[in-house]
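Number of protein chains: 2
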Amino acid sequence: MKKHRITFLPSERMFDFDDGDTILDAAMKAGIYINASCGGNSSCGKCKIKVIAGDLISSRHPKIPRKDYEKGYRLACKSRPQGNIVVEVPLESQIDRSILRGKDRKPLILSASDLGQLIKEWKADPAVFKIYLELPEPTADDNISDFGRLERELHNILKKNNISIDLRTLKKLNGILREGKWKITVTFSEKNGFYQVIHLEAGNKAKQNYSIVIDIGTTTVSGQILDLANCRHDICTLGESSDYNAQVRFGDDVITRIMYSRKKGGLERLQEAVIETINGIIKDLLNESNVQKTSVSHLVIAGNTTMTHLFLGLDPKNIMLTPYTPVSTVYPSVIARDLGLDTEDHVYAQTFPCVSSYIGGDIVAGVIGSGMSRSEKITLFMDIGTNGEIVLGNKDWLICASCSAGPAFEGGGIQFGMRAEKGAIEQLRINPVNYEPMIITVGKVKPKGICGSGLIDSVAELFSTGILDQNGKFRRDLATSRVRLGESGYEYIIAYRDDTQIHQNIVITEVDLDNLIRAKAAIYAGCKVLLESVGLTFRDVEKIVIAGGFGHYIDIEKAQVIGFLPELSLEKFVFVGNGSLLGARLFSFSKGFMAEAENVSKMMTNIELSNSQKFMDEFVAASFLPHTDGKSFPRTMKMLKNLSLPTVNTAR
Amino acid sequence: MKKHRITFLPSERMFDFDDGDTILDAAMKAGIYINASCGGNSSCGKCKIKVIAGDLISSRHPKIPRKDYEKGYRLACKSRPQGNIVVEVPLESQIDRSILRGKDRKPLILSASDLGQLIKEWKADPAVFKIYLELPEPTADDNISDFGRLERELHNILKKNNISIDLRTLKKLNGILREGKWKITVTFSEKNGFYQVIHLEAGNKAKQNYSIVIDIGTTTVSGQILDLANCRHDICTLGESSDYNAQVRFGDDVITRIMYSRKKGGLERLQEAVIETINGIIKDLLNESNVQKTSVSHLVIAGNTTMTHLFLGLDPKNIMLTPYTPVSTVYPSVIARDLGLDTEDHVYAQTFPCVSSYIGGDIVAGVIGSGMSRSEKITLFMDIGTNGEIVLGNKDWLICASCSAGPAFEGGGIQFGMRAEKGAIEQLRINPVNYEPMIITVGKVKPKGICGSGLIDSVAELFSTGILDQNGKFRRDLATSRVRLGESGYEYIIAYRDDTQIHQNIVITEVDLDNLIRAKAAIYAGCKVLLESVGLTFRDVEKIVIAGGFGHYIDIEKAQVIGFLPELSLEKFVFVGNGSLLGARLFSFSKGFMAEAENVSKMMTNIELSNSQKFMDEFVAASFLPHTDGKSFPRTMKMLKNLSLPTVNTAR
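Protein chains in written order, with our numbering: chain A, 47 to 698; chain B, 47 to 698.
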C-alpha cells in the first residue's frame with residue numbers, strides 16, 4: 047500500500063501512514079493528541095490542524111471560518127493528504143503520547159507472506175482433489191464394467207486399489223462417460239488411504255476445484271473461498287466474507303444458546319439459523335470470486351464446541367451441565383446438502399475436532415494454523431472472547447484451559463458496550479492537561495457506544511492519564527467535570543449527548559471497569575495457572591499468539607498497561623487474526639494437516655479451571671491495574687511513578 | 047421324516063416313501079407306472095390300485111364302484127398309506143420303468159448338515175455385530191465426551207482405534223447413554239478394519255441381532271432371516287419366504303426389463319417393483335420368525351447383474367448393447383431405507399459383487415456358497431435358467447460363461463409352457479405298450495401346462511419310449527392317436543381337454559422340442575467350450591454343482607437321457623438349490639466371506655461365447671438327442687438299442 051510521511055509540528059514527530067487515512071487517523075496511530083469528540087464525524091469541529099506544507103483534500107467545513115481556512119486550518123478528520131505533508135497541531139493538542147510506546151509500533155499482524163511461510167511445511171495436497179482421465183473405449187475384447195474401467199485407469203495413475211464410489215455418483219457414471227466420450231474428470235475424497243469417487247464431470251475440469259472454509263463464531267461467522275487446483279506452497283484465497291451468526295437472535299453467548307436449544311424445536315431452529323448464515327456467506331463468496339457453485343468440492347467448518355454441536359444438530363445440553371461433557375469431540379463428515387447447506391450434493395462438510403466442552407475446533411484449528419504444534423518454541427496461544435481459551439506448549443506437549451472472562455470484551459455487561467460495529471468507539475486519547483477526550487469510532491461516525499478493544503484502549507488511557515487508580519476507581523479529585531457521580535456510581539463521560547448518535551452521554555462507569563478488570567484478570571490468571579502447572583513463568587514464553595477476531599484489534603501495549611497481557615517484548619507477540627479460519631484453510635489444502643488436526647486435538651490436555659483454588663488466587667491477584675505484583679509490569683509501574691500518582695501496596 | 051415301505055405287486059418292487067405321500071407319488075418316485083392323466087386330481091379315475099395288505103386313508107371315490115371298493119380297489123392319487131403297505135397295480139400298468147434308473151435314486155440335494163459342513167470353514171464372525179457395554183459415569187475428573195467415553199471402552203475391548211460413528215447415530219448418543227444409565231448395546235459395521243458404530247440401544251440387546259438375506263431372481267425373489275448372535279458353526283435360519291418378482295409385470299426376462307427401463311420413469315418403476323417385493327418378503331420373514339424389525343441389523347442382496355442394477359437404480363442399458371458393459375460389478379453399501387426398503391434406518395444393504403453383464407452376484411454367491419472356490423476338486427457349476435451360467439475351476443482358477451438358452455427351461459417359447467405353479471405338469475410317465483401317459487402336476491390338480499423340469503422329464507420319457515427320434519421328431523408310425531398332426535406340426539397329446547383346467551388338449555409340439563433342444567444344446571456346448579478352453583473334458587470334472595431354483599427339480603438321469611447333462615456318475619452331482627441365497631447367508635455370517643466374495647468376483651475370467659465359432663460348432667453338435675457324439679452317452683445309446691429303434695448316424 048502507498049505510504050505518505052506526515053510531520054507533526056511543533057513536536058516534529060514524523061510518521062508514515064497509509065494512503066487514504068485522514069490526518070486524524072494518522073495522529074491517532076502516531077500517538078499525537080488532537081481534540082476530537084465526535085469519533086471523526088466532523089460534527090464537533092474540534093480537531094483543527096494547520097497545513098504547513100503539502101497537498102491534501104479537505105473541503106471547507108462550516109466549523110472552519112473562511113479566514114482560518116485561508117490560513118490553512120482544516121478539520122483533521124476530513125483531511126486526506128495526497129503526499130508527504132507537514133501539519134501543525136494547535137497548542138491545546140500538542141501532547142505527544144508516544145512516550146508510552148517506547149518506539150514506533152511495528153505491524154504485528156501476520157502478513158500473507160508470513161502465512162505462506164507458516165504453511166510452507168504443508169505441501170498443497172488436498173484430501174479432495176480432481177483427476178482428468180482419458181479412458182479407452184470398451185470393445186468386445188475389453189468389456190469390463192464402466193466402474194471397472196475407471197478403477198483400472200485410476201490404479202495405473204494412483205497406484206492404489208482402495209477406490210470406492212457412492213451410489214449417487216455411480217448412478218451417473220455410464221451417462222457421463224459416454225457424454226464425455228470417455229474423457230472425464232473425477233473428484234476424489236481421500237481418507238486413511240481409501241479413495242472415494244464423489245463426483246464425475248464430462249471433459250477436463252481438473253483445474254476447477256475450489257473449497258469453502260467457514261469459521262462459526264458465536265457472534266460472527268466468517269468464510270473464505272480457496273482455489274485448490276492452482277496452488278502449490280501458497281494459500282490461494284479468492285474471496286472472503288463474514289456475517290453475524292443468525293443465532294444471535296436466540297441469545298448472545300453459548301450458554302443462552304444452549305438454554306434455547308432445550309426448548310421444543312430449539313435445536314432445530316438454532317441449526318437452521320447458522321445454516322442460513324453460512325448459505326449467505328457461500329453466496330457472497332461465489333459472487334465475489336466468480337466461481338461456479340458446481341466447482342466447489344469441499345467445505346471445512348471450525349467452531350467452538352457448542353457452535354459445532356449446533357451446526358451438526360447434536361444436543362449441546364451437557365456442555366453446560368456438570369461435568370460438562372460434549373456429545374463428541376470428533377465429528378463425522380457429512381454431505382453438506384443434508385444439513386441444508388446450499389452446495390452440490392457431492393460436497394462433504396468436514397468439521398474440525400474439538401478437545402472438550404470449552405476448547406473447540408476453532409482453537410484446535412488456530413493452534414495448528416499458527417504453527418505452534420510444529421514449533422520448538424514454547425508458545426502461549428490465546429483466543430479472547432467471552433471465553434478466553436488458552437493453549438500452552440510446543441510440538442511436544444500442549445495443555446489448554448478455558449476461562450470464563452465474562453462478556454466485557456465483547457461489549458457485554460458494559461453500560462455502553464456494543465459490538466465493533468459502525469459508531470463503536472475503538473480508540474480514546476485523553477489530554478492529560480484538561481482530561482478532554484479524542485475518540486475515533488468504527489466507520490468514523492458519531493459514537494453509539496464502546497466496543498471491546500475500545501474499552502481496553504479507553505481504560506488504559508484513563509489509567510495512564512491518572513484518571514483511574516489501580517483499584518479501577520476514578521480519582522475524585524481531578525479538575526474536570528468529565529468525572530462525576532452518575533446514576534450507577536462514578537463515571538467518565540467520553541462523549542456528550544450532542545456529539546453522539548444516541549442522544550445520551552456515553553460514559554464508562556466503575557461497574558464497567560469492574561467487569562473489564564474481572565475479564566482481564568481471568569485471562570491473565572488462566573495463563574499463569576497453565577504456566578505454573580508445567581513449572582514455567584511468562585519469562586519462559588517465547589511466543590504469544592493472539593487469535594480471535596477481537597484479538598486482532600487489541601493494542602498490545604494498552605493491554606499491557608492494564609495488565610491484561612504480560613509485559614513481554616512486543617516481538618514475541620503475533621496476531622493470527624482468525625486462527626480458526628486459517629486452520630480450516632490449511633485443513634482444506636492438505637490431508638496431512640487433517641490427520642494432524644485429529645492428533646493435536648487428542649494430544650491437548652484440558653485443565654479444568656472452574657474448580658481450581660490456584661486459579662481463584664491468581665484471579666484475585668490480577669484484579670488490579672495492572673496487577674498486585676507490580677514487578678511483573680515494570681514499564682507500567684514506571685509510567686505510574688512518572689505521573690506521581692499514589693500506587694497501591696503490591697504486597698500480597 | 048417318517049417313512050413307510052410300499053410293496054408293489056406283481057413286480058414285488060419295494061420302495062420307502064415319505065409319510066403323507068399318496069400311492070401315486072410313491073409309484074412315480076419308484077418308477078412304477080400307474081395310469082393317470084389328470085395330474086393326481088382324481089378326476090380321471092384311472093389310477094386304480096388294489097390294497098393287498100396295510101392301512102390307508104382313502105374314501106370311496108365315485109369312479110370306484112362299491113363292489114370294487116369292497117374288494118380293495120382305490121384311486122392311487124387319493125390314497126395315503128398309514129404304515130407299510132402292499133398294493134397290486136392293475137395289469138395294464140405293470141410296467142416297471144426302474145430299468146432306466148439302474149438303482150434307487152439317492153437324495154442329491156445338499157442336506158442342512160452338508161451345508162453346515164460346507165460353511166464350517168467360515169467362522170461365524172458377522173461384519174455387523176453387537177457389543178454390550180457398561181460405561182463408567184462421567185465425573186469432574188473424567189469428563190471426556192460421550193463418544194470419547196464409548197471409544198475408550200471399545201478400544202479396551204476391540205483393541206482398535208479405528209472407530210467412527212455416523213451423524214445420525216451420534217445425534218442419539220447422549221440421550222441413549224443416559225436413558226440406559228450408561229449401559230448400552232452398540233451395533234458395528236466393520237469394513238477393512240474400520241469399525242463404524244451404526245446403532246445404539248439402551249440396555250443389553252446384544253443377543254438380538256438378525257440379518258435378512260435376499261436373492262433377487264428375475265422371476266422369483268427369495269429371502270431368509272438369520273440369527274447372527276446365537277450361531278457359531280451353523281446357519282441359524284429362522285424363516286424363509288419367497289414371492290414372484292413384481293417386475294414380471296414389466297417383462298419376463300432381463301432383456302425385456304432393460305427395454306422397459308429405457309422408457310421414461312421405467313427404471314424407477316422397476317426399482318420400486320422389486321423393492322415392493324422385497325418389503326413383502328421382509329414382512330413375511332419377521333412374522334414367521336417373530337423377530338422385531340428393530341433387531342434386524344443387516345441386509346444382504348444377491349442377484350444377476352441386471353437385477354442388481356435395477357435394485358440399486360443403476361442404468362442397465364449397456365448390459366444389452368454391445369459390448370455389454372454393466373455400470374459396475376462392485377456396489378457400494380447403502381442405507382436400505384434410502385432405497386425404500388422397510389428396515390430401520392441404520393441397516394445397510396450390501397450387494398454381492400458381479401463378474402460381468404451376464405455373470406451376476408447370484409453366481410458369485412453360488413460359487414462361493416457351494417465351496418467350489420475353496421476346493422481342490424475341478425468343479426463345474428451350472429445355474430440354469432433363461433441364461434445358463436456356467437463356472438469351471440477350483441480354488442486356484444475360475445472361468446465362467448453365460449449362454450443364452452432361451453426361455454424354454456422356464457416354460458417360455460413352449461406352447462403350453464408355464465412356471466412351476468399349481469397345475470404345471472412336472473412328471474410324465476408313458477406306458478410303452480399303449481403310449482398312454484401318467485402325469486403328476488404341481489399341487490396335484492388338473493393340468494394347466496408344463497413347467498421347465500416337467501418338459502425335460504416329458505421329453506426324456508417320449509424319447510426313451512421311442513415316441514421321439516434323435517432329431518427330436520415324433521415317429522409317425524406308432525399305434526397311438528396321441529401322436530398326431532396338429533396346427534403347428536406333429537404333437538403328442540399329454541392330456542385331453544376334459545382332463546385339464548384349461549379345456550384344451552395339452553400337447554408337446556415339435557416346435558417345443560426344437561426350443562428345448564436348443565436350450566439344452568446351448569448349456570452343454572457352453573460347458574464343453576469352457577472345458578476345452580483349459581484343455582479338459584467332462585471326464586476330468588470331479589463335481590458338478592447344479593444351482594438355481596429350477597435346477598432343484600431336474601431329474602439328473604432324465605437330463606442325461608436327452609443330453610442336457612453329461613453322462614457322469616450320479617455321485618458327482620450335487621444340487622445346492624438356491625446357491626445365491628446360500629452365498630448371501632454366508633456373506634452375512636462372516637466378514638471373511640465378504641472379502642472372499644470380492645476376490646472371487648475379480649478372479650473369475652469371463653469367456654464371451656456370443657461370438658465364438660467353437661461354441662457354434664458345439665451347439666450344432668449338441669442339437670440332437672442325446673448328442674451327435676453318441677459315445678459320450680453310452681447308457682442312453684444302449685437304451686435306444688434295447689428299444690430297437692433306428693439311431694442317427696453319429697459321425698460328424
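Keep in mind that a hint or two might mislead.
Remember, identical chains collapse to one label, so a pair may be satisfied in a single copy or spanning two.
[As the list claims (entries may be wrong)] DSBU-like, lysine-lysine: derived pairs with alpha carbons at most 30 Å apart:
(1) 206 to 237
(2) 310 to 589
(3) 309 to 218
(4) 218 to 660
(5) 237 to 310
(6) 218 to 363
(7) 217 to 363
(8) 423 to 206
(9) 206 to 229
(10) 310 to 229
(11) 218 to 310
(12) 519 to 229
(13) 637 to 237
(14) 253 to 109
(15) 363 to 227
(16) 217 to 309
(17) 96 to 218
If you are wondering where the hints come from, they were derived from the structure by calculation, not from laboratory data. Quantities reported herein were computed from a predicted structural model and do not represent experimental measurements.
Each hint, compared with the structure:
1. In this assembly of identical chains, the alpha carbons of residue 206 and residue 237 lie at most 30 Å apart whether taken from the same copy (13 Å) or from different copies (17 Å).
2. When the C-alpha separation of residue 310 and residue 589 is checked against a cutoff of 30 Å, the pair qualifies neither within a copy, at 46 Å, nor between copies, at 66 Å.
3. For a Cα distance limit of 30 Å, the shortest separation of residue 309 from residue 218 across copies, 17 Å, qualifies, whereas the shortest one inside one copy, 42 Å, does not.
4. With identical chains, the CA atoms of residue 218 and residue 660 are never at most 30 Å apart, being 62 Å at best within one copy and 38 Å at best between copies.
5. With identical chains, the CA atoms of residue 237 and residue 310 are never at most 30 Å apart, being 37 Å at best within one copy and 38 Å at best between copies.
6. In the homo-oligomer, the alpha carbons of residue 218 and residue 363 lie at most 30 Å apart only across protomers (13 Å), although the nearest pairing inside one protomer, at 42 Å, exceeds that limit.
7. When the C-alpha separation of residue 217 and residue 363 is checked against a cutoff of 30 Å, the pair qualifies only between copies, where the shortest distance is 12 Å, while the shortest distance within a copy is 40 Å.
8. Proximity of residue 423 and residue 206 under a CA criterion of 30 Å is satisfied in neither setting, with 39 Å inside one chain copy and 34 Å between copies.
9. Taking the shortest alpha-carbon separations for residue 206 and residue 229, only the intra-copy value of 20 Å comes in at or below 30 Å, while the best inter-copy value is 41 Å.
10. With identical chains, the CA atoms of residue 310 and residue 229 are at most 30 Å apart between copies only, with a shortest distance of 27 Å across copies and 51 Å within one.
11. Taking the closest pair of Cα atoms, residue 218 and residue 310 come within 30 Å of each other only across two copies (16 Å); inside a single copy the shortest separation is 40 Å, beyond that limit.
12. Taking the shortest alpha-carbon separations for residue 519 and residue 229, neither the intra-copy value of 75 Å nor the inter-copy value of 56 Å comes in at or below 30 Å.
13. Proximity of residue 637 to residue 237 under the C-alpha cut-off of 30 Å is found in both arrangements, the shortest distances being 8 Å within a copy and 22 Å between copies.
14. Neither within a single protomer nor between protomers do residue 253 and residue 109 lie at most 30 Å apart by alpha-carbon distance, with minima of 58 Å and 87 Å respectively.
15. Proximity of residue 363 to residue 227 under the C-alpha cut-off of 30 Å is restricted to the inter-copy arrangement: shortest distance 17 Å between copies versus 54 Å within a copy.
16. Within a single copy, residue 217 and residue 309 get their C-alpha atoms only as close as 41 Å, which misses the 30 Å cut-off; across copies the closest is 17 Å, which meets it.
17. In this assembly of identical chains, the alpha carbons of residue 96 and residue 218 never lie at most 30 Å apart, being 72 Å within a copy and 70 Å across copies at closest.
In the structure shown, a violation is registered for the earlier hints numbered 2, 4, 5, 8, 12, 14 and 17, in ascending order.
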